[in-house]
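Just so you know, the sequences run in chain order L and R. Per this note's numbering, the first sequence starts with residue 1, numbered consecutively. Per this note's numbering, the second sequence starts with residue 1001, numbered consecutively.
No lab work stands behind these hints, which were simulated from the structure alone. Heads up, some of the hints might be wrong.
Keeping only pairs whose Cα atoms sit at most 27 Å apart, straight-line, the calculated DSS-like set for lysine-lysine is [to be verified]:
#1 L:Lys124 <-> L:Lys216
#2 L:Lys170 <-> R:Lys1112
#3 L:Lys108 <-> R:Lys1392
#4 L:Lys91 <-> R:Lys1108
#5 R:Lys1273 <-> R:Lys1124
#6 R:Lys1089 <-> L:Lys112
#7 R:Lys1139 <-> L:Lys89
#8 R:Lys1139 <-> R:Lys1262
There are 2 protein chains.
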Amino acid sequence: MREVYLDNAATTPLLPEVREAMIPYLGDVFGNPSSLHDWGDGSREAMETARDQVAQLIGADSDEIIFTGSGTESNNFAVKGLALAQQSKGKHVVVSAIEHFSVLHSAKTLGKWGFEVDEVPVDKYGVVDPEEVRKRLRKDTVLVSIMHANGEVGTIEPIKEIAGITSKLKVPFHTDAVAKAGTIPVDVRELGVDALSLAGNQFYGPKGVGALWLRKGVRIMPLLDGGIQEGGRRAGTENVPAIVGLGKAAELAKTDMESRVKRLTPLRDRLLKELPRKVGHVVVTGHPQNRLPGHASFCVEFIEGEAMLMLLNSKGIAVSSGSACTSRALKASHVLIAMGLPHELAQGSILLTLGIGNTPEDVDYVLEVMPPIVDRLRQMSPLYAKFTKTVKGGK
Amino acid sequence: MREVYLDNAATTPLLPEVREAMIPYLGDVFGNPSSLHDWGDGSREAMETARDQVAQLIGADSDEIIFTGSGTESNNFAVKGLALAQQSKGKHVVVSAIEHFSVLHSAKTLGKWGFEVDEVPVDKYGVVDPEEVRKRLRKDTVLVSIMHANGEVGTIEPIKEIAGITSKLKVPFHTDAVAKAGTIPVDVRELGVDALSLAGNQFYGPKGVGALWLRKGVRIMPLLDGGIQEGGRRAGTENVPAIVGLGKAAELAKTDMESRVKRLTPLRDRLLKELPRKVGHVVVTGHPQNRLPGHASFCVEFIEGEAMLMLLNSKGIAVSSGSACTSRALKASHVLIAMGLPHELAQGSILLTLGIGNTPEDVDYVLEVMPPIVDRLRQMSPLYAKFTKTVKGGK
């Protein structure tokens, strides 16, 4: 059976070049980078090369990069750490309604600590209106956190415009770029943000490693207290092989970005155009154009996303029905609900996220396999039966 | 030149068997364990095998193991998470004066949040007296955190005796076993503790992974908010290869523990006995017998630990002068100061931590190389000049 992995939003495979770069650090070069002897030197130098590579990917200085254990950790660190470091100035925080749970739940935790959290709504495409952010800014606002691109619907947010507003008012602005950094160009200076999260396993690097870019001079409170690693801002023995892998993945992403985008975009556009036509009663979710290059997401009427996922899996196709981080909770996505989709429709959510390993033939296969699967599920759907009855009755 | 790595307390090398176990998860088996399709299954199953292996190492149930990104994260999670989860009952926390900074600084952060932190002193060997813990317990004590073994001086603490006291008063008791788990037997039921931290890179497993064992029914507040991984207690895409490596290392540690201890103990004992004799003016730090099997630590009078470290390094020998986590801070160790050593002597701290790769010949080499190095440094030491003058003057 053909195997087609279309769940690159959940995690990407590791590139062979990245794995090769990591292997020595799982072998002879094992020293603790904090050690003062030669065994530490090899690890430390490799880590600093990786720091340069990550900095170059996003137009930053190396000493502004703090390595973390995941995109989730970067987001927790940024949201809690920035808010707590500024709390003498106020306790008001602004986030969007469609943030990843690592941002939303961190904000919720801030709520327990006496912070007030305002959620900015989004339009039907999942776009944040910068004016809606402006309206919510107050004298005691100490943090704005709006994501760069949404991993569930692919929509890219107007970060530069929002930063134009926050920077005038000198409110620290963090953006969760986990779904975007390494996929399309990100330049922190051009964006004008103060902090940015990214994760290795979103652009063919390893799991277990992320980074927080923090503009020089911005104060943050550590999430992990202890040793003086990462300039005293993130304690713990550094995960050298994963950090080396993140660096290599960042280097490759920068070099190959243009060609990757050129390959993925037409494949995505075919899915966005042909899948609704072939399946019927399908809504594209997220912005029609301004979206991640490999990201096609839909809601299929009258059936449940998980059922589609399982049947596609039986045909060798991996997709998801929402964020992997909450897949087992089987709840309607807060992102789709915030975009105004009815609960029933949101249950039919399906994400097809392409990666650099995918081919036009993969797309052909999905377009061939999916319509009969949806038909089969609809035959069993009481909602669909009710719908067809109504339509016939109305004739 | 001979190469002798004697800094296993900073980090251990990865065993080849552990690396082999990890490799598939840096290749074909790359799925996100939270994904519902076949690509996720392989990762998820491997992770659950690792959870069993870690549980078996410490006599726990699998569902009590929470994977983290490091020993430091496990300690931050335990100290902050347990205290915050119980804060309605009180805001008093007890730690020892010689905890790792990931515990001490986490307690300091609790201090900023209105907690009162009591530090239990230690004796000249670095041993905590359980009675000193008992004296500090109050009605509003919500957490005791005392380490299982100290990574700087090797002393093993009377955890079972302390747990006997805390459990009667129903105060949650966490022990940082990062320096000990995987090295000598640990059984959480026998110990009677409520939470225990461990880390992969302390027993020939990978960096970037640790675990917190948490007794069933004990409440904790997450440190990393977000997705529902690890039962909603530790969000973030799981570092599958590192988790697999931790599991394999745990399995090997359990199988080989007895033979490892038998090999390391006599090597350690030779160092503890012969180094002071050969070098002169050397104090063994930590408990003379009740200490980690591979752990030899000393204070050498009249010279600085870092200078010895550098010269030993030039002879191919890796040692450290304290905790790797703070090596670059170049301050006298809080552990040695708490044990009552004068600042001057504490500056001469040197740790030789043996691993399963070391041989009797390695010990011979160190015992041969070290005396002339110390002599050379002493010739340059104003403190030594003063000392010899006084001695001569006293004749």
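A quick look at each hint next to the structure:
1. L:Lys124 <-> L:Lys216: Distance of about 36 Å is beyond 27 Å: violated.
2. L:Lys170 <-> R:Lys1112: holds (26 Å)
3. L:Lys108 <-> R:Lys1392: violated (70 Å)
4. L:Lys91 <-> R:Lys1108: holds (22 Å)
5. R:Lys1273 <-> R:Lys1124: holds (19 Å)
6. R:Lys1089 <-> L:Lys112: holds (16 Å)
7. R:Lys1139 <-> L:Lys89: Violated: R:Lys1139 and L:Lys89 sit about 35 Å apart, past 27 Å.
8. R:Lys1139 <-> R:Lys1262: Violated: R:Lys1139 and R:Lys1262 sit about 44 Å apart, past 27 Å.
Of the numbered hints given earlier, the model fails hints 1, 3, 7 and 8; all others are met.
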